[in-house]
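Engineer: Whenever a hint applies, use it, and build me the whole structure from the sequences.
These protein sequence lines map, in sequence, to chains A and B. Residue numbers are given in the working numbering: position 510 of the first sequence equals residue 688, and the series is strictly consecutive. Residue numbers are given in the working numbering: position 227 of the second sequence equals residue 240, and the series is strictly consecutive.
Derived by calculation from the structure, the hints in this document are not laboratory data. All C-beta atoms in this analysis are idealised placements derived from N, C-alpha and C, irrespective of residue type, glycine included. There could be a bad hint or two in this list.
Here are some, though not all, of the chain A residues that point toward chain B, as calculated from beta-carbon distances under 10 Å [as the list claims (entries may be wrong)]:
| no. | residue |
| --- | --- |
| 1 | E358 |
| 2 | Q433 |
| 3 | P465 |
| 4 | L494 |
| 5 | Q689 |
Quick look at which bits of chain A chain B covers, simulated, 3 or more residues with Cβ under 8 Å [to be verified]:
| no. | segment |
| --- | --- |
| 6 | 207-217 |
| 7 | 277-291 |
| 8 | 438-444 |
| 9 | 448-460 |
Residues per chain, in single letters:
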Amino acid sequence: MSDSNERLTMPKPLAKQGAELDDRLHAAKGVRTLLRKVFPDHWTFLLGEIALYSFIILILTGIFLTLFFNPSMTQVVYHGSYTKLDGVRMSQAYESTLNISFDVRGGLLMRQIHHWAADVFLAAIVCHLLRIFFTGAYRKPRDTNWLIGVAMFTLGILEGFLGYSMPDDLLSGTGVRIAEGTLLGIPVVGTYLSFFLFGGQFPGTEFVARFYIIHVLLIPGLLLALVSAHLFLMVHQKHTQMPGKGHTEANVVGQPMYPYFMVKTGAFFFFVFGALALLATFAQINPIWQVGPYTPTAISAGSQPDFYMGFLEGSLRMFPSWTWDIGGHTVSWDVFVPALVVPGIIFTGLGLWPMLERWATGDRGYHHVNDRPRNAPTRTAFGMAGVTIYGVLWLEGANDIIADHLQIPLYLTTEIARWAVFVGPVIVFWATRRICLGLQRRDASMLTHGVETGIIVQQPNGGFVELERPLNEEEIALISAKPPAPLSIARAVDENGVPEPALRGVRGKIQARVHEVFAEGISLAPPANGHGNGHGNGHAVTEGDGERAAVGGGPAGPAEVGEGQAGEEGE
Amino acid sequence: MSDNDRDLENTPEERHAPHRVIGTPPPAHGLLTEAGPGERAGRGGTEPHSPGEAEGPETPELHELPTDPPDLKAAKSWERVAAALFLISALASAGFVAAYVGLEIGNKNGNVVDATLRSNLGLGSAMALAFLAIGVGMVIWVRYIMPPVELTEERHPMASNPEDRSAFAQTLIEGAETSQITKRPLLRRTLIAATVPVALAPLVILRDMGPLPGTSLRHTVWKKGMRLLVYASNQPITAADFDSAGGMITVVPEGYQDNDEQLAKATAIIIKMEPGQLQAPTNLNWTVDNIVAYSKICTHVGCPAALYEQTTQHILCPCHQSTFDASRGATVLFGPAPRPLPQLPITTNAQGYLVAQSDFHEPVGPSFWERG
Ligand code: HEM
Ligand code: FES
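Structural biologist: Below you can see the structure in the form of structure tokens.
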């Protein structure tokens with residue numbers, strides 16, 4: 179550290195090495211830009227990093243496990259250190275997992291870190307995805323990256339399932355049996371798929387070895403490629419940022435990659451690893467020796483899959499027992515609808531959402547500044563409704579435990595879930611929208627009246643009033659960063675009141691109505707003190723109920739509302 | 014006009030170059046307010062709001078970051094904290110090695126699980142400490158020792174400019190034209206026709222991943238006279254042995270007690286009822302002495318339906334809670350299972366052991382397309 183203000187210069191040897199490299203790679207300019215790349219600072223941006231680092235930790239610990247795990251279903255009789263299972267018939271896969279746990283120093287630690295990392299990986303992905311969704315960060319140009327994210331999420335679930343199936347213990351074997359029963363339920367080809375995957379009838383002698391190679395090579399390879407693409411696009415398109423002072427559609431405000439972000443993210447890697455090590459030390463996970471090896475004749479009571487499979491379990495539990503026997507064939511709706519169609523709809527819906535929203539709002543513009551969830555009430559409401567459906571499925575996946583704890587009849591929980599999965603999202607949708615609009619109304623009043631300070635003073639005349647303070651610039655920027663309502667409402671009707679061609683006819687009318695629903699909200703312009711009401715906020719069309727406002731302007735421009743200086747400069 | 018528009022008009026170099034320091038969050042640390050001689054911000058003059066206009070003569074634009082934090086004293090004490098944490102981490106790593114060498118595992122001295130958990134505790138806490146201490150130290154470094162800074166970087170438009178686009182389109186079309194593929198349909202169509210089989214043909218080699226199902230799912234190994242062995246002990250059982258009404262026992266076919274593939278279909282349960290409890294549609298000719306046998310493989314997706322509630326005579330599958338009425342032919346009372354558990358016809362042999370009369374009369378377990 180130097181106390182003078184003299185700038186450091188490049189040391190000679192380093193400069194020479196660098197020059198040699200650049201002679202060959204022509205990288206000086208590109209790498210410099212990369213080093214100076216600006217990363218916005220917001221805690222929700224860490225969620226993706228948790229996912230990334232747990233993935234790296236999964237690879238590291240997974241490589242260790244491959245050194246000792248034996249993916250074979252050859253039956254052996256156990257005579258190892260864990261004497262309680264002495265003389266028990268089991269597969270070599272299960273035996274080697276016992277050995278990793280009891281005879282390899284640090285083996286149990288690595289197994290438990292690996293398993294915890296899998297759970298943290300998927301939990302982080304879910305939170306990351308929700309953050310992206312509720313802030314609208316998936317909008318153009320990041321819809322491509324959203325798709326990659328959904329693909330990684332799906333692969334991650336599959337990878338986790340294959341992983342915990344490999345030790346071939348009683349718990350995981352039951353999960354595999356359910357998966358096999360599900361495959362059998364696929365119309366026409368199901369039986370064949372099952373026989374090909376298992377090399378014959380369940381359980382056969384093949385599946386652990388097949389799951390293994392998919393688990394350690396195929397899916398990690400795909401994930402690695404997708405992670406790289408995801409990160410590349412993120413760097414190339416630059417981060418979104420939350421609304422705030424000086425944050426515009428045309429810039430990124432934050433700290434440079436080198437040295438700030440590098441050190442921060444490096445620290446974060448150690449945090450995640452350290453936290454996982456703590457979990458693996460103090461929170462036991464998957465003690466396979468307690469449940470014993472798999473046998474199709476028995477089941478351990480209270481079996482629960484890992485949390486990310488819970489929604490499938492719940493879906494299977496609450497679906498009614500519908501099957502058809504037609505023409506000598508069995509169509510098992512009770513299996514393939516809850517186990518395949520429902521997740522299919524959930525994941526396809528997730529993937530298509532950005533497109534659906536584009537249609538619903540008519541907004542095809544770029545968005546680099548995120549929305550506060552309240553400022554997109556309809557999107558937020560859809561998101562919460564989706565979360566509700568997923569949540570009901572997930573809770574139903576643990577209904578026996580819930581029934582046990584709450585002392586309510588088991589079947590009642592399922593009946594409730596069957597209703598809740600339809601009624602719940604409707605109520606939540608409605609309530610979320612009301613709450614969002616209420617929050618907007620509060621924001622609007624804060625813009626005009628300031629914030630209540632909670633300080634009550636007595637006036638000379640004896641009355642009491644609460645002191646209010648005006649918002650500071652940072653707060654104004656945040657609150658008034660509400661983007662204008664999507665444009666096509668304004669565009670839908672020309673000067674003579676004739677609807678645009680695209681919005682004529684039944685489909686057009688539906689679309690126009692949907693636009694309106696999505697656009698509902700309150701105009702949140704910053705206080706008109708000559709400051710900040712810059713360009714792009716030209717003609718506000720306030721509709722009847724005073725709640726709706728469609729504000730014209732280019733899609734990318736108006737987010738600068740609130741950045742007073744830019745506005746003045748433009749005037 | 015706005016940043017946005019200026020950005021569009023910029024030449025490529027300019028677009029990337031002008032990074033500017035526009036101040037740091039807390040006013041106390043503000044670079045702008047206490048800009049020392051070492052701090053030159055942005056390219057003076059080109060940015061309307063760049064402060065100080067303190068442009069150096071040498072490399073005008075590169076010094077965007079300050080050299081030192083505003084409060085050198087505080088930084089010094091944070092430095093000591095971070096250094097202490099790094100040393101703790103190093104010690105913890107040494108502790109990890111010590112735990113590896115020092116804590117025995119295996120069943121040499123007493124309880125194997127205890128030994129493993131001790132080792133796990135030693136290794137895990139050392140490892141956690143080693144990582145967390147580095148992590149915390151690095152956070153202190155970046156937050157309290159590095160000077161606070163906030164940079165603004167301009168975005169460049171994602172879309173290429175129109176010239177680039179049309180040049181690209183032209184290159185693409187030109188190539189297609191020169192390649193003749195657009196002009197020679199014979200070439201094109203035969204090539205397309207060839208790619209489909211070339212992609213599909215290799216799928217054929219996946220055929221040997223498993224045998225064809227045939228009718229294997231329709232049958233189990235149970236046959237006339239085969240004894241029912243009690244699961245786990247593998248002993249045959251007589252009707253007289255099983256005299257406690259309300260009990261349930263898992264049974265497997267004799268000779269197949271170690272054959273998982275067969276057990277996955279053939280495993281059954283026998284339940285002893287009170288006299289008169291068994292009713293239609295239970296087939297009473299297939300029972301012995303109020304003992305009834307059902308397939309244990311749930312007709313939903315195949316879990317063992319393992320729980321029996323004596324007071325209600327309900328068989329419950331723990332997987333998705335399908336519930337079957339054991340006294341009435343295991344008909345479904347609740348849950349997603351579409352069919353009763355098939356009943357296994359049983360009788361006794363000359364020695365009084367429970368044996369099968371035949372195989373199940375319908376396929377057991379989950380539905381499958383060919384089940385019919
Ligand atoms: C997204 C990535 C991954 C996920 C979600 C994941 C998940 C899992 C899970 C949940 C288990 C069960 C652990 C247990 O309790 O026993 C497991 C086992 C295993 N995994 Fe992974 N894993 C991933 C990547 C990898 C990679 C990249 C490798 C190897 C290069 C690997 C190698 C193994 C091995 C050998 C086992 C079996 C050993 C055992 O079960 O103890 N995994 N995995
Ligand atoms: S497998 Fe028995 S209820 Fe699903």
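Engineer: If a hint holds in the structure, say so; if it does not, say that too.
Structural biologist: Going down the list of hints, with the structure as the test:
1. E358: With a minimum Cβ separation of about 7 Å from chain B (threshold 10 Å), the hint on E358 (chain A) holds.
2. Q433: At about 6 Å, which falls below the 10 Å cut-off, the nearest Cβ of chain B leaves the hint on Q433 (chain A) intact, so it holds.
3. P465: holds, 9 Å
4. L494: At about 5 Å, which falls below the 10 Å cut-off, the nearest Cβ of chain B leaves the hint on L494 (chain A) intact, so it holds.
5. Q689: violated, 25 Å
6. 207-217: holds (count 4)
7. 277-291: holds (count 8)
8. 438-444: holds (count 4)
9. 448-460: With 10 residues closer than 8 Å to chain B, the segment 448-460 of chain A meets the three-residue bar; holds.
Checked against the numbered hints above, the structure violates only hint 5.
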